[in-house]
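If you read the protein sequences in the order shown, they are chains A, B, C, D, E and F.
Read in order, the letters of the first sequence correspond to residues 599 to 841 in this note's numbering.
Read in order, the letters of the second sequence correspond to residues 599 to 841 in this note's numbering.
Read in order, the letters of the third sequence correspond to residues 599 to 841 in this note's numbering.
Read in order, the letters of the fourth sequence correspond to residues 599 to 841 in this note's numbering.
Read in order, the letters of the fifth sequence correspond to residues 599 to 841 in this note's numbering.
Read in order, the letters of the sixth sequence correspond to residues 599 to 841 in this note's numbering.
By construction, these hints were calculated from the structure, which means they are not laboratory data.
The reader is advised that the hints may include incorrect statements.
Any copy will do: because identical chains look the same in the list, a pair fits if it lies in one copy or spans two.
[As the list claims (entries may be wrong)] Cross-link-like lysine-lysine pairs, in silico, DSSO-like; alpha carbons within 27 Å at most: (1) 785 x 815; (2) 660 x 818; (3) 660 x 815; (4) 785 x 660.
There are 6 protein chains.
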Amino acid sequence: MRIRLINPNTTESMTATIAAAARLVAAPTTEIAASTSRSGAASIEGHYDEAMSVIGLIEAIKADPGADAYVIACFGDPGLLAAREFTSAPVLGIAEAAMHAASFVATGFSIVTTLERTRIIAEHLVRSYGMTQHCRRVRAVGIPVLDLEDPNSAASARILAECEAAIAEDNSGAIVLGCAGMADLTKHIEDRLQIPVIDGVAAAVKFAEALVGLGLKTSKHGDLAFPLPKIYRGITAAYAPRQ
Amino acid sequence: MRIRLINPNTTESMTATIAAAARLVAAPTTEIAASTSRSGAASIEGHYDEAMSVIGLIEAIKADPGADAYVIACFGDPGLLAAREFTSAPVLGIAEAAMHAASFVATGFSIVTTLERTRIIAEHLVRSYGMTQHCRRVRAVGIPVLDLEDPNSAASARILAECEAAIAEDNSGAIVLGCAGMADLTKHIEDRLQIPVIDGVAAAVKFAEALVGLGLKTSKHGDLAFPLPKIYRGITAAYAPRQ
Amino acid sequence: MRIRLINPNTTESMTATIAAAARLVAAPTTEIAASTSRSGAASIEGHYDEAMSVIGLIEAIKADPGADAYVIACFGDPGLLAAREFTSAPVLGIAEAAMHAASFVATGFSIVTTLERTRIIAEHLVRSYGMTQHCRRVRAVGIPVLDLEDPNSAASARILAECEAAIAEDNSGAIVLGCAGMADLTKHIEDRLQIPVIDGVAAAVKFAEALVGLGLKTSKHGDLAFPLPKIYRGITAAYAPRQ
Amino acid sequence: MRIRLINPNTTESMTATIAAAARLVAAPTTEIAASTSRSGAASIEGHYDEAMSVIGLIEAIKADPGADAYVIACFGDPGLLAAREFTSAPVLGIAEAAMHAASFVATGFSIVTTLERTRIIAEHLVRSYGMTQHCRRVRAVGIPVLDLEDPNSAASARILAECEAAIAEDNSGAIVLGCAGMADLTKHIEDRLQIPVIDGVAAAVKFAEALVGLGLKTSKHGDLAFPLPKIYRGITAAYAPRQ
Amino acid sequence: MRIRLINPNTTESMTATIAAAARLVAAPTTEIAASTSRSGAASIEGHYDEAMSVIGLIEAIKADPGADAYVIACFGDPGLLAAREFTSAPVLGIAEAAMHAASFVATGFSIVTTLERTRIIAEHLVRSYGMTQHCRRVRAVGIPVLDLEDPNSAASARILAECEAAIAEDNSGAIVLGCAGMADLTKHIEDRLQIPVIDGVAAAVKFAEALVGLGLKTSKHGDLAFPLPKIYRGITAAYAPRQ
Amino acid sequence: MRIRLINPNTTESMTATIAAAARLVAAPTTEIAASTSRSGAASIEGHYDEAMSVIGLIEAIKADPGADAYVIACFGDPGLLAAREFTSAPVLGIAEAAMHAASFVATGFSIVTTLERTRIIAEHLVRSYGMTQHCRRVRAVGIPVLDLEDPNSAASARILAECEAAIAEDNSGAIVLGCAGMADLTKHIEDRLQIPVIDGVAAAVKFAEALVGLGLKTSKHGDLAFPLPKIYRGITAAYAPRQ
């Protein structure tokens, strides 16, 4: 099967990190086809960046209409329900996948994300996904997304310290890493903490394989039915749903 | 004060209906400046239409950066938090405004909206806005948004019938009309039902006036702070946040 | 229009503070008619004080049956639903108005109130109004209500310090002042904090204007219908509902 | 021990019914001292009636300051927290007691109450007491409270029919009778339904005995501490808390 | 009446402590018949210990089928719903009883329990019983259950210290002791704290007396109906439900 | 990898059905090792049956300590947290897996289960797993579990009819089959309904593969840490946790 892994920000080096994390866990028969969005923000750190990233996400789905499943590789899961409307293949967000995976291996988890403003967005997701009982706290390290790529930044150490605080203070049994750009830190942190540390990219890839293996497709009954055909104008004209 | 009233769909006749409803309630000193989105869907009836409407919404805000407040005149409140990031003026969604107004005049209300798929989206908003205790039921009449404009359609009668069912079955003391396109039906339905019937366009205009009168602006501390300046690529390049 | 602003405690100097705050934001065509309760407690700082204040509140409404709207100017919103039953004009509580206003300009807010015992009452209101997701914390400064009037007290400084703690610790984007007696501190604190600071008196006045402008009245279908006519005995005999 | 059982409405015949129900279950060593409120409404059927009943309730507590516990015998539990502030003896509401008892003998129950408007008030209590998961539905039979006393009314038959509907439709294992005036119907209905039927008066008396037996008193730390001493004016002057 | 008080762990000395606490509060006409489980763990400190204790619990109920009520004297309330299915007499768990009692005398309480892992289990119970609004925090002292029996341990002092922290930090008006083994500390702690301190064993005994006094039995309509008769195999063969 | 699939009831023919459903979706490299419990009920249809099935479940895990993951193939997920304590390999319940899978492909789903009493248990699981927002209704067909195996029963037709009712009445986009014994009906029903129909056995197998592929194990920090070593007595003596 082919899983289309979409980095909805436009930073190619981050796509490389994400794709590597995905390939590390993908089944031998799974092709990880990774895309960098051609439209949208260099990093996604707020509601506005998220909203502006959806067109690029849809473009990437349109460019590979035959994928067996799609993964949105940004922890805010931007455009998740729009993408589910747009295609009948399963679509997974990495925040969603990570939280669900965490709930399978611990009764409580903490999320460690990048910026304070992102923290609030993650809290909204916790509620949307019904994870209020499982997620004990969302923590932010105060590091912009793209600084995660800088080998000279202290990002890794600060993330680890925040994870240690989560264990000590939050009564949590697992950690969810709250940014696709943290994917390559998972093993390092897990080795240090000795509790499950979950990267959403890997989790989403495996759950996408699972859904495809189950023959499940996105429901086309109700709000996830294909968009109704209609005229779109202006900059979005090319994205009008067709019959 | 000037309230910028944005119809995030691209159907100008609906903007006229909305603007008329707004002007009916606006204070004498309030200018209602109404825009039709130049980008986006002819009607907004799903997650995908909503996501695709945000660029047009932001365009409309950018085109009038000095407005005292903005109203998003679509019952799904598309792009609400993105818009609040983008400007420091107050921004109100009509679903949000209608539900809050209803909670001030009744302990329980029902929402009557257009399509089944829209019904589920409205239920998500009910949860986001903390209205689970107040909103007793969301009902759909099975009428597409643009059919509301057709004088030959049975829309008005079906909406009235659904409102009557809401009173009889839901234990509700007020009705929220779940589409901007229903704005001109408010008085007709209220006359028939003899309970409060709330159109979100009117409610949002009055609450916008209230917030401006209070000197309140959108908080720039936390997730609604201005978008961080960064590079945007592709079709969204022109929407990159600047310092 | 005339808004009847009722201070349900019996301290006239506090009514003056409240009325001044109301007049500062009222529209030119709005008359702010302020009353001090003739019955009830000198300050309202608990469930008992609240319950005992309802008769005075109803007296004040009865004394001005033609007002276009009523505002209950005590942060516990005592007698709110009883008052809504008693009149068909809109009735707003200042806690209710402040929390709703805060939810329009920030995704999270903190309330800063007077005494510890009041804090718990405010937490009950947060739940009643569906604000659990928006209100991140209720804080108390440990100052009795009437001490707010004493120019020699350290009240202002302690409230400001608590607000600063709210920003630093609660992840909040706005502050709700949890006592009508704090109305005159709003601008001072907002100037210092540079985030929205919301006084419920002003918010309730503007929302009352909004509801009147919308032509909305309290629903008389359901639990807010006029009280059923019946005999009342003893001290309450004069308050019996009539047909 | 002496349990002061207060009928907060002013109808003495109802007090007799209530007292009889209480004495039927009270321990031999328990004295049931029943009072009819001297102030307030002949029947309590709304928020306004409830608010106006609190003074009479407090009068009745003041008149017997040495009781070991107090029961508020109206299903809306009017003035419950105010009464808990006012005395250090345990105070129980009959709605509260009935719901808690029901949750001990069934995983789900239905409430059958009098009027539609009362139904909504009962739903508020369900939420306040944390019974949302246990209470599957509140039902109203459309009978005014005082009609329960009329031997010629069809009240009993309609209540039974509603209880049967609750079993058939609500997936409930127990019935809570939602009015003190239904106390004498309990056994009759239970015999017919063969599931637990709970009258709050009896439940509150037994739980009051339990709390007294445990040596528990109302907490005086926090919002239930004695009212702060202060001046009360007007009609409430005599109710001012003293040191 | 006879209340069968079952210590579902197999430590007889703890049964003695529990029985003494029960007898201290039981009515003169109540026989406290205490059992130590013949099967199961020496102490119950986790999900596994709980699950393994249910057979012993059922054995104890089977051994005294004529008891008027049963109390499960372990704060995790293991096997509560299974026991309610198995018998028609009322069954109470001590965590359940303690939390309900606390909600009658305070608007907020804290639970102080033994081990960190038990803390999470207690949090689950808080949600199951609808006590999220009332229980402000569950605290653990880090002491294994059986250490409570050791006169040389510092258990008592550490529990008291944690209770004091609860009052200072949690805004709580009452304390629930989160282990049957703490039953003999109740009075000591209450004397020191001067707020209600609730031991679930005593609370469950008094509530059991109350339910028996009310003539209430466990509902046999729905999920608590007697287990359907069927074949059981292996180690559980003797526990098969019979007609 | 080897997934140990445990049917916690003692009916071998049902294990065969379950194992077949599992093998249909398992990856080529996954060994499905299926067990029938040697202890417990012939079918699990209540809290009591569930509690009595845990020993057999633990026996089955002990008998295959080296499995890479375990699946509990009964829709009540009996013993889930106890099993997670007992092993460090991932453990999945089929109700849990089915609900999570459904939430990935639809915004709302209905559960169709066997008996009314089971319906209530499923509703408890919905809450435990945070699925209140996603699960729109639990429905029961009134068929005992073992009747699902009878080719002459009308089970299949009644289940299909209930699923059709769910689509028509519940606003649901997917169906979760609420019994392991329905596993072989999945495709038949899905073909008829044309919406996703989810069997928990298949879902749990694929999610187990996913967790193993991610290298995730059950957290041993907190309440899922290995049971503390201690003495067990009586019938459970052989199940005492060891160091």
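For this structure, which hints from the list above don't hold up? 4
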